[in-house]
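Could you put together the complete structure from these sequences and hints?
Going line by line, the protein sequences match chains G and V.
Residue numbering for the first sequence follows the numbering used here, beginning at 1 and increasing consecutively.
Residue numbering for the second sequence follows the numbering used here, beginning at 1 and increasing consecutively.
Be a bit skeptical, because a hint or two may be false.
To be verified - Here are some chain V residues the structure puts well away from chain G; computed CB gaps all over 12 Å:
hint	residue
1	140
2	146
3	147
4	149
5	151
Unchecked claim - Computed footprint of chain G on chain V; a stretch qualifies when at least three of its residues, placed anywhere within it, have a C-beta under 8 Å from a C-beta of chain G:
hint	segment
6	80-91
7	109-117
8	121-127
As the list claims (entries may be wrong) - The calculated lysine to aspartate or glutamate pairs, modelled on EDC-like cross-linking and capped at a C-alpha distance of 16 Å, are:
hint	chain 1	residue 1	chain 2	residue 2
9	V	126	G	721
10	G	325	G	280
11	G	178	G	265
12	G	608	V	77
13	G	750	G	487
14	G	709	G	414
15	V	58	G	76
16	V	58	G	73
17	G	356	G	343
18	G	735	G	724
19	G	178	G	266
20	G	708	G	651
21	V	126	G	724
22	V	58	G	152
23	V	157	G	721
24	G	140	G	76
25	G	171	G	280
26	G	735	G	762
27	G	488	G	543
28	G	689	G	424
None of these hints come from the bench; they were simulated from the model.
Where a beta carbon is used, it is the ideal one built from N, C-alpha and C, also for glycine.
Given next are the chains, with one letter for each unit.
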Amino acid sequence: MVKKKRKVTRKRRTVKKKNGFFKIFLKYLSLYILLPGAFVLVAYLGYLDYTVRRQFEGKRWAIPARVYASPEEFYESRHMSLATFIKTLQQLGYRQDAKLSKRASYYKKGAHLYLKTKGFKSWDSEEPSRLLRITFKRNKIVKLFDLESSKDIAIFRLEPLQIGNFYPSRKEDRILVKLRDVPKRLVEALLAIEDHSFYQHRGISFRAIGRAIWANIQAGTVVQGGSTITQQLVKNFYLSSQRSFWRKFNEACMALILEARYNKDEILEAYLNEVYLGQDRSRAIHGFGLASEYYFNRPLNDLHLDEVAVLAGLVKGPSYYSPRKHPKRAIARRNLVLDTMLDQGFVSENQIKQSKRRPLGVTQYRGLNSSRYAAFIDLVKEQIKHEYKEDDLTSEGLRIFTTLTVGVQEAVAENAARILTRLEKRKGTENLQVAAVVIRREGGEVVAVLGGRNPQQSGFNRAIRASRAIGSLIKPAIYLSALEQSDKYSLTTVLDDSEIEIKTKTGKLWKPRNYDRKAHGEVFLHTALANSYNLATVRLGLDVGLAHTAKTLKNLGITRSVNLYPSMLLGAVELTPLEVAQMYQTIASDGFNTAIRTIRAVTSKDGKSLQRFPLTVRQVVDPAAVYLLNTVLQEVVRAGTGKSIYTILPESLAVAGKTGTSNDYRDSWFAGFSGDYLGVFWLGRDDNKPIRLSGASGALIVWANIMKKISQLPVQLVPPENVEFVWIDQKNGLKTDDRCATAVQYPYIKGSAPVEISSCTDNFLEGSGNWFRKFFGN
Amino acid sequence: MVVLNGCAIRLQKRAQQHPVEYPPVVVQEESQKEISHQDETDTAKKYVSPSKQVPTSKVVLALLSQAEAEGQQGHLDTAISTIERALRIQPRNAELWHQLARYRLQQGRPALAQDLAKKSNSLAGKSNQLKRKNWLLISAARKKLGDIIGASEARTKAGQY
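This is the structure in structure tokens:
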């Protein structure tokens, strides 16, 4: 009995001892491991929670600004061939479809083109989607017929071509969509194929994971993922593509937090905009909004069931199921999606039967080839960076509508390269480079920019950054300054083209020479300019004054300060082609200056107009003087240094221009205009070595070949009211009438014409007497 | 005498070396692409001035009426955009520049309106009615700018047409 009691007591004591150890163990465990562990866990979850909220609620996506070319206008009597029109449509991603069942489709029937346009919203209007029949005859549009209203229409615009983006550091692109605007079918397709218990689970679906594991075991490899839509969103949104347990853990936690914080619709909408759906070279396609445009060239809410199924199927593997690279896989995947939708009761048997029969329907790949227009976009950036911060440009999804005319840009790029090669062969020159700026003759809109001979090679943009000596291109500024002083100068003022020596400020002697090394003696002012005589020009320039010439340059739009050395008169002034274009813009517009521009308007990503850049002009030079100058610029190409032009162009175009060649033939320039376009072209070498090409034998050739392709209107100068036409005897520069055989009508600012009469029909002595008086008397 | 003769001959020779084709060849407006071929035997070259401004084409007329409608609804920015579209088709149409001036004046941009009206005048040729309208507009613009004398001068000028 006593023994028993002792035993019990001993047992209790042992148990007590054991309990004691356990308690102490628990105490240590909780104090030093569990409690701090829990604390760390809670803190970590708190951090995840913060991350989730901040990203979700703050600005979520950086959307690049989109840059658009000028929308093309089509109207009766516009010169264009049917073939070119089709090319334009294809460039915009239009599909050939005899039924015109969808927007952005067309088909040809004889001389008619049937078209269902896409429609677009620009900064000033909404251009609806139209059903049209366009008739062509002899390379002209002759009729535009609206098939829906059964009426002729005068004009319509196609949506502008997107030519580039301003990307943030991550080269992603998307078109944001709201859940309410997304087709219901797409949501159903996604639920079916990716996460059919989306609306039931709380972020993680153990059933889905279990199912996936089972399916994978059965298949022997990974065939199913157990990720919910929420998890996928987390993966794309917050995490890198690392595959690790830690990543999976984070993903699961964040998915749970996301579901706790936000409702299903918000999560779904974020997912629709985030999911990665394809790669366009260096641009990542995210979200269904952009994917719809990228694959089908139509907005998301315009897609049919089968097309929606294609996109939904892409989520699992955009490269693997790429409809362009692996069409068979894409169709199989699409059909699987459709089947799954049927299984889950979203669609009927009949509906998917029809859908499965359809072809894939993706448009041909037309990448956003912004390198083609890199030089122009560079100029756009220059002009817009003063208005918007870099951050806004790369993240707010701004839409920038520019003045670029795709047809002209392509004509410039193709022809310049071709002719350069030809010139190199002919002259045995190498490494020729080219730069060009083409603007509309009126209004100063830039239609094309060429930064170098290979536009794809984005690099140095010579058109806006290469400052080169302009040579004779400066002369019109000198002659304009002279002609403005109508009491002293007119087109028939006699200038002295004889040798001259000038002592410069440094004491050195400057002895300019004509290009043909000859001195031509007494010549009319217009002749000196048309033939670009250096000696006569230097004399004139010194008479007019360097400061006055510099002032004229400023009036014409040159903002750079110019060194007032005599050599300035022969163009020892460095300007970029863009600056030269600005100068000649004022001349071509009859003395009305307009700042050259590339942007018409900027809107927000929702289409709200933010800024407009409308047409403005400012009269800066006497229009009569400009008129006189322009008649001489026409003479330059008719009879002067540029007369080879009419071996390339038709004479009816009556173009005006000026050749320019710098010292030692290092720079070849031509600046000129037709009725509708003004172009400045430069040829030279980057290392500044001589190229053995003058303005006439180099740049002019390129200019003329391109003008031939793009120009539709001739130059028609309108003489101002204070300009009169006087018959002048060419032999002596005196006034006469139309009976004189050597008479020609010259324009003069009223009061500046010669008053002495030439006795053209009288006897010789009297005539020469008058001439004598004019020379030595004045 | 001999000296004078010699000089005369020199100048004459130069005239032959540099045959100056004045005046510039002018094309009739109606056939803008076709050449108006100068008779080469014509040694006395007479200048032919454009008798009227660029005739408004059918499509530009359509855009003009569209702009008019937009302007009347008070959407001046849109009307201006429409005129700019028309100007890209007929850049030298004086009537278009006049309309731009008109809308700009309505928008309260008198300095710009004045320059646009001057531009219209520079292209108006012999179109007196349009020139008168432009000068009246310039007068109104100057008045808004506080240039009363200038406004009166412009008004007088308008009366000349």
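Hints versus structure:
no.: 1; hint: 140; in the structure: holds (18 Å)
no.: 2; hint: 146; in the structure: holds (19 Å)
no.: 3; hint: 147; in the structure: holds (15 Å)
no.: 4; hint: 149; in the structure: holds (19 Å)
no.: 5; hint: 151; in the structure: holds (17 Å)
no.: 6; hint: 80-91; in the structure: holds (count 9)
no.: 7; hint: 109-117; in the structure: holds (count 3)
no.: 8; hint: 121-127; in the structure: holds (count 4)
no.: 9; hint: 126/V <-> 721/G; in the structure: holds (9 Å)
no.: 10; hint: 325/G <-> 280/G; in the structure: holds (12 Å)
no.: 11; hint: 178/G <-> 265/G; in the structure: holds (10 Å)
no.: 12; hint: 608/G <-> 77/V; in the structure: holds (14 Å)
no.: 13; hint: 750/G <-> 487/G; in the structure: holds (10 Å)
no.: 14; hint: 709/G <-> 414/G; in the structure: holds (11 Å)
no.: 15; hint: 58/V <-> 76/G; in the structure: holds (8 Å)
no.: 16; hint: 58/V <-> 73/G; in the structure: holds (14 Å)
no.: 17; hint: 356/G <-> 343/G; in the structure: holds (15 Å)
no.: 18; hint: 735/G <-> 724/G; in the structure: holds (13 Å)
no.: 19; hint: 178/G <-> 266/G; in the structure: holds (10 Å)
no.: 20; hint: 708/G <-> 651/G; in the structure: holds (11 Å)
no.: 21; hint: 126/V <-> 724/G; in the structure: holds (14 Å)
no.: 22; hint: 58/V <-> 152/G; in the structure: holds (12 Å)
no.: 23; hint: 157/V <-> 721/G; in the structure: holds (12 Å)
no.: 24; hint: 140/G <-> 76/G; in the structure: holds (8 Å)
no.: 25; hint: 171/G <-> 280/G; in the structure: holds (10 Å)
no.: 26; hint: 735/G <-> 762/G; in the structure: holds (13 Å)
no.: 27; hint: 488/G <-> 543/G; in the structure: holds (11 Å)
no.: 28; hint: 689/G <-> 424/G; in the structure: holds (14 Å)
Checked against the numbered hints above, the structure violates none of them.
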